[in-house]
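Please model the complete structure; the sequences and the hints are all you need to start from.
Residue numbers (this note's numbering), protein chains in the order written: chain Y, 886 to 1210; chain A, 886 to 1210.
Hints were generated in silico from the structure; no laboratory data involved.
It cannot be assumed that every hint is accurate.
It does not matter which identical chain is used: a pair holds within one copy or between any two.
List time: in silico SDA-like cross-link candidates among lysine to any residue, alpha-carbon distance up to 25 Å [said to hold, decoys possible]:
1) Lys1206 to Leu1077
2) Lys903 to Asp1034
3) Lys1041 to Glu908
4) Lys1041 to Ser1207
5) Lys1178 to Ser900
6) Lys1131 to Phe1062
7) Lys1178 to Asn1013
8) Lys1035 to Ala1208
9) Lys1178 to Glu1189
10) Lys1035 to Gly912
11) Lys1041 to Gly1188
12) Lys1041 to Val910
13) Lys1131 to Ile1155
14) Lys922 to Leu1111
Protein chains: 2
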Amino acid sequence: MIKALILGYGFLGKSLIKRLIIEPVPGLLIVGIANSKGYIYSSEGIKLKDLKDKLEENKEFETGRASDLISKDYVDLLIELTPTNIITGEPGLSHVKKAITQGIDVVTANKGPVVLALNELKKMADENGVIFRYEGTVGGGIPIFSLIDKCLRGDKVISIRGILNGTTNYILTRMHFEGLTFELALREAMMLGIAERNPTLDVEGIDTAIKIVILANSIIGLNKKLSDVKIRGITKITPEAISAAKENGMTIKLIGSIEDGELSVEPRLIRLNHPLCVHGTLNAINIRTSILKNLTLIGEGAGESTIASIINDIYDVITHKSASI
Amino acid sequence: MIKALILGYGFLGKSLIKRLIIEPVPGLLIVGIANSKGYIYSSEGIKLKDLKDKLEENKEFETGRASDLISKDYVDLLIELTPTNIITGEPGLSHVKKAITQGIDVVTANKGPVVLALNELKKMADENGVIFRYEGTVGGGIPIFSLIDKCLRGDKVISIRGILNGTTNYILTRMHFEGLTFELALREAMMLGIAERNPTLDVEGIDTAIKIVILANSIIGLNKKLSDVKIRGITKITPEAISAAKENGMTIKLIGSIEDGELSVEPRLIRLNHPLCVHGTLNAINIRTSILKNLTLIGEGAGESTIASIINDIYDVITHKSASI
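Here is the structure:
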């Protein structure tokens, strides 16, 4: 059995546990669950079904430093789901580095460590013979990294374009179909819980830029930082601009792109019947390759669908370990 | 080296060889190329670059039965690309069966054997310890089977809907945007080489039904035949029906679907801003799963993009063989 620690007990951590209660992953034993307040640990495996009450309330957590559990004495796999910090990457970055150096495999959906240090972490993982997977960081449940890794072998990705942020896409969709102003659509998104209380990272295009950096470094093999991305958000888009686009069979979408090694995020005119032109909170990723040419993937870019990515990554770890034993 | 025989030397066979000249697949040696007229064979590997002249003209082919080359004495891998026959599956079905019983891995883009006998062929492949891959049979280069196999582990596909035939989608697109009649749009498609001279299989929905059967048996684990599909084609769709749909923000598309174990192909109303609503010769496949919920893939459903599927399948064979040696 692969003994796993779930570090981070927010929306994704709780959703993952709920899913594992419905359907366990064969070969996976959750021995630890931790957040910033403390942890639960059992070397025999935590009885997830009994966790029900504790799920919402952090009841019966031992106080103590959860990161002490990141040790080969306790776990084989770290599932890192702490909140994203894009400036320092912490606490995720330290968690991931500690795990890798201890020979512990890592699955994460935390964008912080991956946007700041993907190439370094991959190199460390190779040197330490561990698996490092981060499918959940981009496009929620859309399995973009696995797809390119496992389903397009022999092909080569040349460029990538995408709608990678559900919040801004919701706002632009409401502006397009209802003629709302940006301010009104944003307020509505906040009321519905689609936009966060501080929506700056989303509406200024920074969240999209983070994902573009991860895609560029992971798929195109570049070595880019957030500061390499030309970023323009959606705050200045007027209903008039969208209405003019609409009259011409187009709309305005926030498009992240990697073309000729250049990374950008900006509002762009797009034909309404273009495959990339999806609405609501949907995400869409278009890749252009040598052989296949164009492939577009569309799905929910956040929320519970991300659990599909995390679980597939966990399967990768388990398959790899059982093959190497 | 994996010694491969390419059987079938039409559009796909020639395109594959052109691609292998540009970029060889490491570990793959093409020892035979054959069609109904004859074959070329070299145990040292055929010099693909020297084939240039012969590519178009079948020059210097030995006369003889190409299927005699399907023997472990000559080859490890059969790349079966002969023309599709959906009634008998031949000659593909015999080629594939002979290969599997001889312990030869098989990669095919031939829908005939797969629609008629997928479950039987899979069972034979398991019993004989060989790999049997058929990614190119549905959706051209869209890697639907690999994706579900390798990128959505732990998840479960519940239903599938798709636009799976580029010819009919082109016709419906022209009817929608230009107000053409079915007859006129079909004639245009034939002139452009998008529709075949005998377009019955496409416009009557049979080609889509074939793909729906393959998807149902491969992905949902059913055991369906073509006669189990409720099929209605696009020949009776009028410009007036499309125009009425258009006025309501919709159009009519030929949708293949698998829902609650029922297979159908029929023209359906679809919102113009639905992710599945793609135009021109594009294909789109939407899957609904337990965890991820909705994922849509869009790409060219035919032509050279299919080579991406064939090459990825070849990589699967090579990886598997080198792991098991």
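The hints, checked one at a time:
no.	hint	verdict
1	Lys1206 to Leu1077	neither (42 Å within a copy, 52 Å between copies)
2	Lys903 to Asp1034	between (29 Å within a copy, 24 Å between copies)
3	Lys1041 to Glu908	between (36 Å within a copy, 11 Å between copies)
4	Lys1041 to Ser1207	between (30 Å within a copy, 22 Å between copies)
5	Lys1178 to Ser900	between (36 Å within a copy, 14 Å between copies)
6	Lys1131 to Phe1062	both (9 Å within a copy, 16 Å between copies)
7	Lys1178 to Asn1013	neither (36 Å within a copy, 35 Å between copies)
8	Lys1035 to Ala1208	both (17 Å within a copy, 15 Å between copies)
9	Lys1178 to Glu1189	between (31 Å within a copy, 9 Å between copies)
10	Lys1035 to Gly912	both (22 Å within a copy, 17 Å between copies)
11	Lys1041 to Gly1188	between (30 Å within a copy, 18 Å between copies)
12	Lys1041 to Val910	between (32 Å within a copy, 13 Å between copies)
13	Lys1131 to Ile1155	both (10 Å within a copy, 20 Å between copies)
14	Lys922 to Leu1111	neither (31 Å within a copy, 58 Å between copies)
Violated hints, listed in ascending order, are 1, 7, 14; each of the other numbered hints is respected by the structure.
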